[in-house]
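Asker: Whole structure, please, built from the sequences with the hints as guidance.
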Amino acid sequence: MLILECPYCGVMADETELSPGYEAHLKRFGPGASDDEFESYMFARKNPKGVHFERWRHAYGCGKWFLAARCTATLEVFGTYPAQSSAPPAALVAKIKAKRPDWEGF
Amino acid sequence: MKRYSVFAIAREAMRQHQGWEKAWASPAPKAQYDAIIIGAGGHGLATAYYLGRNFGITNVAILEKGWLGGGNTGRNTTIIRSNYLQDPSAALYEKARGLYENLSQELNYNVMFSPRGLLMLAQTHHEVRGYLRTVHANMLQGVETRWIEPAEVKQLVPIINIDGPRYPVLGALYQERGGTARHDAVAWGYARACSDMGMDIIQQCEVTAVRSKNGQVEGVETTKGYIGTKKLGIVVAGHSGQVAEMAGFRLPIEAVALQALVSEPIKPCMDVVVMANTVHGYMSQSDKGEMVIGGGTDGFNNFTQRGSFHHIEETLRALVETFPMISRLKMLRQWGGVVDMTGDRSPILSKTPLGNCFINCGWGTGGFKAIPGSGWAMAELIAKGEPGPLAAAFGMERFREGRFIDESVAAGVAH
Ligand SMILES: Cc1cc2nc3c(=O)[nH]c(=O)nc-3n(C[C@H](O)[C@H](O)[C@H](O)COP(=O)(O)OP(=O)(O)OC[C@H]3O[C@@H](n4cnc5c(N)ncnc54)[C@H](O)[C@@H]3O)c2cc1C
Ligand SMILES: [Zn+2]
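Chain order of the listed sequences is A and B.
Sequential numbering of the first sequence, starting at 0, is according to numbering that gives the first Met the number 0.
Sequential numbering of the second sequence, starting at 0, is according to numbering that gives the first Met the number 0.
Treat the hints as calculated values from the structure; they're not laboratory data.
Careful, some of the hints might be misleading.
Unchecked claim - Simulated crosslink set (DSBU-like; lysine-lysine; CA at most 35 Å straight-line): (1) B:K223 - A:K45; (2) B:K1 - B:K212; (3) A:K45 - B:K1; (4) B:K223 - A:K48; (5) B:K287 - B:K1; (6) B:K287 - B:K21; (7) B:K212 - A:K48; (8) B:K64 - B:K223; (9) A:K45 - B:K64; (10) B:K229 - A:K48; (11) A:K45 - B:K21; (12) A:K26 - A:K98.
What the hints assert, rightly or not - Examples of chain B residues lying across from chain A (beta carbon under 8 Å, computed): (13) Y3; (14) F6; (15) F302.
What the hints assert, rightly or not - To be clear about the criterion: a stretch of chain A counts as covered by chain B if any three or more of its residues have a C-beta under 8 Å from a C-beta of chain B, and this derived list gives those stretches: (16) 6-19; (17) 39-47; (18) 87-96.
Backbone N, C-alpha and C define an ideal beta-carbon position, used for all residues, glycine too.
Answerer: Okay, here's the thing in structure tokens:
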């Protein structure tokens, strides 16, 4: 069972308390964007086998959206951080890099 | 290749079974092929088979990183049906179901296709309306299905609880020629036929890079060295994103875990397949007597081939409610597979940005039933370089163009 710490209320929430939101840090494109940009924002996904950044919602808790860094090949959780972040915190990136030297980085 | 027959069994019985041949050869890779298929699951093997059978292309290698049929093909709950809602899906799945009818004869290999009948229970009024719509659509598509009332459901499935406390059964969408087949045998039967046509099935051979020149595919790097090819078919299910990245493009796909489990074997008690989409569970009985049960997908990307336990709990809770007599049954085994999910829950059979490289993926939780039809359509795409009528609507440009083939409503449960 996947357990993530909600960065807002501090609860260690297990999966049944959370709603998944898939890939995080997608750059949004709207009116005026090219077809390529819009397509890749809407549909193309990294779906990496390894380090992945995702959106989650503490649905049956405080109700807030947050972000998580996880390894999809081992299910190891590296950490969570607030949704109001345009990139993962530097400390988290460093921690992942130390654990996964081959990771290409964020 | 020696044919399997009742006479062969008698002959071998007389000589202590010394004369059976290996079902397929295990050759070393050649330097160059006319076509390479990555992935020896059902879809990859069927693609290779129809390349030979329908187009005479037999200088083909099928590369498999593990053992053939060891991916989702060997992990699924073997449900076969074609009662889909949208026209392109009905055509493709019904083509596959039709090919299953004669597949054992065609391959001279018993795939144990058992069109025992399949019921999708309606347990809410919304579902009733949805399935009536599907029945009408299927009528126009030439797919034989019908709506049945609760009394007939009970007659077909005596062990079912028709008036459960939460979700009484209000009727069902019934496909009499739906059913099951032996999953391993489908992979093995196609593999044997491919090998017999002179194709090379190379196991323990992982593709690690795709080489191209001037936008055209040239070959693949593998754990057994470089292999050249004129055409490339990527048919790797859960790992489609990884291989697509090697070929230089991204897919509208997320890989998640899907689980299944089987019970201890019991006496025959249910000779149809029952799917209960509202409560989320489905069940059939194998020839060995095990109850074969399918669970739900995880809601997050996962490549571990094991899913979260709470899905098992939810599924079993739903099934105990639907079939009270299974409440004391012990479960024998549980496992998972990595399924490739698209947003519209329909597969991708497509050309790719790389020349002479084609992809077949996105079958997600329901591609076993499609293996023969998918192989048929994919072989045509690879041989001609353009999709035929079966594959035409399934190109990956449909996302960009907003032409989704939405089956997420028609198939509320993972299967
Ligand atoms: C638990 C479960 C239950 C299911 N139940 C049903 C059902 O009842 N009915 C139904 O219709 N469908 C069902 N499905 C879905 C069905 O199993 C799949 O859609 C189908 O088997 C996919 O076949 P495939 O040949 O595309 O993939 P696979 O059988 O997974 O084959 C892909 C192969 O590619 C290989 N590969 C991957 N990467 C590489 C590489 N880099 N180099 C070389 N080889 C590589 C893999 O090792 C694998 O053998 C179920 C799936 C699961 C997991
Ligand atoms: Zn919270």
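Asker: Indicate, hint by hint, whether the structure satisfies it.
Answerer: Do the hints match the structure? See the list:
About 27 Å separates the Cα atoms of B:K223 and A:K45, which keeps this hinted pair within 35 Å; it holds. Pair hint B:K1 plus B:K212 does not hold up; C-alpha atoms about 42 Å apart against a cutoff of 35 Å. For the proposed pair A:K45 and B:K1, the alpha carbon gap of about 47 Å is over 35 Å, so the pair is violated. Between B:K223 and A:K48, the direct Cα distance comes to roughly 22 Å. Compliance with the 35 Å bound is thereby established for this hinted pair.
Our distance criterion of 35 Å between C-alpha atoms is met by B:K287 and B:K1, whose separation comes to about 28 Å. About 26 Å separates the Cα atoms of B:K287 and B:K21, which keeps this hinted pair within 35 Å; it holds. For the given pair, B:K212 sits about 27 Å from A:K48 by alpha-carbon distance, which is consistent with the 35 Å threshold. In summary, the hint linking B:K64 to B:K223 is supported, as the alpha carbons are separated by about 10 Å, within the 35 Å threshold.
This hinted pair checks out: A:K45 and B:K64 have alpha carbons roughly 22 Å apart, not beyond 35 Å. For the hint linking B:K229 to A:K48, the alpha-carbon distance of about 29 Å falls within 35 Å, and the restraint holds. About 41 Å separates the Cα atoms of A:K45 and B:K21, which puts this hinted pair outside 35 Å; it is violated. At most 35 Å may separate the alpha-carbon atoms for a hinted pair to count; A:K26 and A:K98 meet this at roughly 27 Å.
Because the beta carbon of B:Y3 sits about 39 Å from the nearest beta carbon in chain A, more than 8 Å, this interface hint is broken. With a least beta-carbon distance of about 49 Å to chain A, the hint placing B:F6 at the interface is violated under the 8 Å criterion. A least Cβ separation of about 5 Å between B:F302 and chain A falls short of the 8 Å threshold, and the interface hint therefore holds. Interface restraint, the region 6-19 of chain A with chain B: holds (4 residues with C-beta to C-beta distance below 8 Å; minimum three).
Using a Cβ-Cβ cut-off of 8 Å, 8 residues of the region 39-47 of chain A lie near chain B, which meets the minimum of three, so the contact claim holds. For the region 87-96 of chain A, the stated coverage by chain B is violated: 0 residues have a C-beta nearer than 8 Å to a C-beta of that chain, whereas at least 3 were required.
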